Amino acid sequence: MSNTLSLSEPSVADLSVSDRLRKKASRHMKERVIESLLFLAAAMSVLTTIGIIYILVKESYVFFQMVPLSDFLFDTQWTPLFDDAHYGIMVLLSGTITSSVVALLVALPLGTIIAIYLSEFAGFKTREIAKPFLELLGGVPTIVYGYFALTFVAPLLQKIYPDLPGFSLLSAGLVMGIMIIPYVSSLSEDAMRAVPMSLREGSYAMGATRLQTALRVVMPAATSGIASAYILGISRAVGETMILAVAAGMQPNLTFNPLESGATITSYIVQVALGDLPHGSIGYQTIFAAGLTLLLITLAFNLLGFWLRKKYREVY
Amino acid sequence: MNELKSGVSESMELGTLRRIIVRAKRWDLFFVVLGILSLMIGVLTFAVLFADMASKGLPRLNWEFFTSFPSRRAANAGILSAWVGTILVMLVTAVAAIPLGVAAGVYLEEYAPKNWITDVIEINVSNLAGVPSIVYGLLALGLFVYQFGFGQSILSAGLTLALLILPVVIVATREAIRSIPQSVREGSYACGATTWQTVRDHILPYSSPGILTGIIIGMARAIGETAPIITIGALTFIAFLPPQPYVGDPPAGLFDWLFAPFTVMPIQMFNWTSRPEAAFAENAAAAGFVLVFMTLLMNGLAIYLRYRLRKNIKW
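Read top to bottom, the protein sequences are chains A and B.
Just so it is clear: in the first sequence, position 117 is 292 by the numbering used here, and no numbers are missing.
Just so it is clear: in the second sequence, position 10 is 604 by the numbering used here, and no numbers are missing.
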């Protein structure tokens with residue numbers, strides 16, 4: 176373009192050149208506008224994060240002006256809607272931790288075994304059928320899992336332990352574990368399949384069996400990916416809401432016994448939201464304080480996952 | 595003497611070796627059985643869940659169930675307001691999430707310079723994917739319902755779910771775009787196309803099946819999400835439909851339904867599940883069956899699309 180410009184003498188015939196230049200400028204403008212629009216779309220995700228933090232911190236700030244932080248952290252009762260109000264988040268945390276531990280005891284071993292099996296043992300056909308199926312399992316709405324835990328799993332468990340209450344952290348946790356299996360297995364499997372074939376071939380050449388190769392060569396090489404799969408499973412368990420709201424009961428209960436019923440941070444938020452709490456009341460503020468706690472927990476796990484990925488990343 | 599000794603130890607070693615091999619192979623077999631069993635636990639749970647719900651819910655699934663409002667009497671209750679609400683909320687979600695998500699994905703793959711702003715956006719997207727859905731509900735309660743004054747409406751719910759599935763759409767778009775070989779872009783640029791022309795005429799068309807797959811998976815997730823919608827305070831007993839455009843007294847505007855109170859399928863199911871009467875549990879099973887059927891259909895479609903994609907496209 177600049178070439179044409181320097182060659183042409185200023186004359187009437189050059190209208191076409193300036194036309195083309197104008198066209199180029201307008202094209203340039205259009206490109207710029209589109210690029211900034213696309214950038215704005217990408218920036219929306221950052222705005223979402225800022226919005227989440229802003230809302231949670233703003234509403235929690237109001238809460239913590241009424242309730243000292245030490246009460247929130249160390250009180251052993253959670254009765255924000257009673258006259259004798261106590262705000263001990265520990266009570267809700269115990270429910271969250273107990274149900275998550277039950278779920279992870281199911282999901283992590285089963286998810287890992289399935290991942291190893293699909294990646295190292297199963298034939299092409301099995302894998303092609305099993306993977307979409309697991310995906311479907313992860314796609315079932317959690318409210319349906321909650322219904323299943325309450326109306327099928329709990330009565331089943333009651334046949335084994337007659338003392339088990341109809342609402343229990345155990346039945347909710349078990350079903351939650353099944354729900355989390357696909358998240359753990361599919362990410363772990365991806366990580367294992369990313370390990371180069373030559374490592375396995377080396378191991379087989381030394382006379383190792385498939386299992387030995389899987390456990391001592393492939394898994395160590397895929398540690399960072401498996402770690403992120405576990406972290407994702409943990410965040411799912413901690414943040415899961417509907418299964419617990421439906422099947423674990425919503426009574427706040429400071430216990431680490433899965434055979435009891437209990438409330439979690441998430442199911443408490445649902446319980447309050449279901450009621451008719453006026454905007455700005457202390458009960459309304461508590462759900463933001465609970466939500467902030469939840470966000471901090473999941474954030475901590477996400478950071479841990481980030482760090483693990485960095486630390487154990489293997490580059491081939 | 596020496597020879598004899600080494601011969602003995604050799605045969606002993608061979609015996610131990612054989613035993614080690616047999617044991618190792620037995621472990622191998624044991625693990626295969628364990629793997630299949632674990633897989634079966636997943637498969638079986640799903641089969642039982644589906645069968646249990648079908649057996650309890652199918653008798654309730656008739657035309658009246660789809661065309662009746664919820665009612666205090668379980669036998670008369672239906673899911674009319676719920677499925678209409680779900681469709682309208684999904685409409686808002688799709689309109690908000692698809693353009694935003696695809697645009698963000700395109701920006702990150704085709705435009706973004708390598709600098710700290712891009713890094714922040716990327717880390718942020720992967721972090722957002724790990725935020726529990728109920729936290730989005732709290733965001734929506736504080737922001738959409740009270741700050742923006744949208745109220746507990748279809749608009750608030752749709753936007754909430756849009757933010758929730760945004761990371762899914764962005765990640766799917768990026769993966770689909772990344773699988774397009776560089777030579778396609780180079781060819782386009784060599785012909786004098788601008789970045790946008792390349793994106794519009796080449797990148798987007800070639801990546802559209804992959805993007806579509808991601809969108810369907812995201813929408814399937816949004817359909818089943820309950821917690822964030824409960825958090826914004828959606829009512830569970832809605833015995834009316836949102837106003838139709840230009841109909842009613844006084845006549846509604848084109849978009850009045852956006853601000854109408856509503857209920858959706860999962861909330862209706864939650865409402866029925868939390869009632870003690872057995873008859874409502876049947877309704878819950880029927881609603882759950884419809885819900886699972888819809889998500890299965892969508893996920894199945896996505897899986898099928900991806901399968902076809904992998905088979906057909908060979909760059």
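Think of the hints as simulated: they come from the structure by calculation, not from any bench.
Since the structure is predicted, the reported quantities are computational estimates derived from the model, not experimental observations.
A virtual CB, placed ideally from N, CA and C, is assigned to each residue, including glycine.
Don't take each hint at face value.
Label-pair distances were calculated between CB atoms; the ranges are [stated by the list, open to error]:
#	chain 1	residue 1	chain 2	residue 2	range
1	B	V637	A	P330	20 to 26 Å
2	A	Q426	B	L623	43 to 49 Å
3	A	L471	B	A669	22 to 28 Å
4	A	Y229	B	I635	28 to 34 Å
5	A	Q333	B	A833	32 to 38 Å
6	B	L623	A	I228	50 to 56 Å
7	B	P855	A	V208	36 to 42 Å
8	B	L608	A	L474	55 to 61 Å
9	B	L652	A	V490	50 to 56 Å
10	B	Y898	A	A200	44 to 50 Å
Against the structure, the hints:
no.	hint	in the structure
1	B/V637 with A/P330: 20 to 26 Å	holds, 22 Å
2	A/Q426 with B/L623: 43 to 49 Å	holds, 48 Å
3	A/L471 with B/A669: 22 to 28 Å	violated, 47 Å
4	A/Y229 with B/I635: 28 to 34 Å	violated, 43 Å
5	A/Q333 with B/A833: 32 to 38 Å	holds, 36 Å
6	B/L623 with A/I228: 50 to 56 Å	holds, 52 Å
7	B/P855 with A/V208: 36 to 42 Å	holds, 39 Å
8	B/L608 with A/L474: 55 to 61 Å	holds, 58 Å
9	B/L652 with A/V490: 50 to 56 Å	holds, 53 Å
10	B/Y898 with A/A200: 44 to 50 Å	holds, 47 Å
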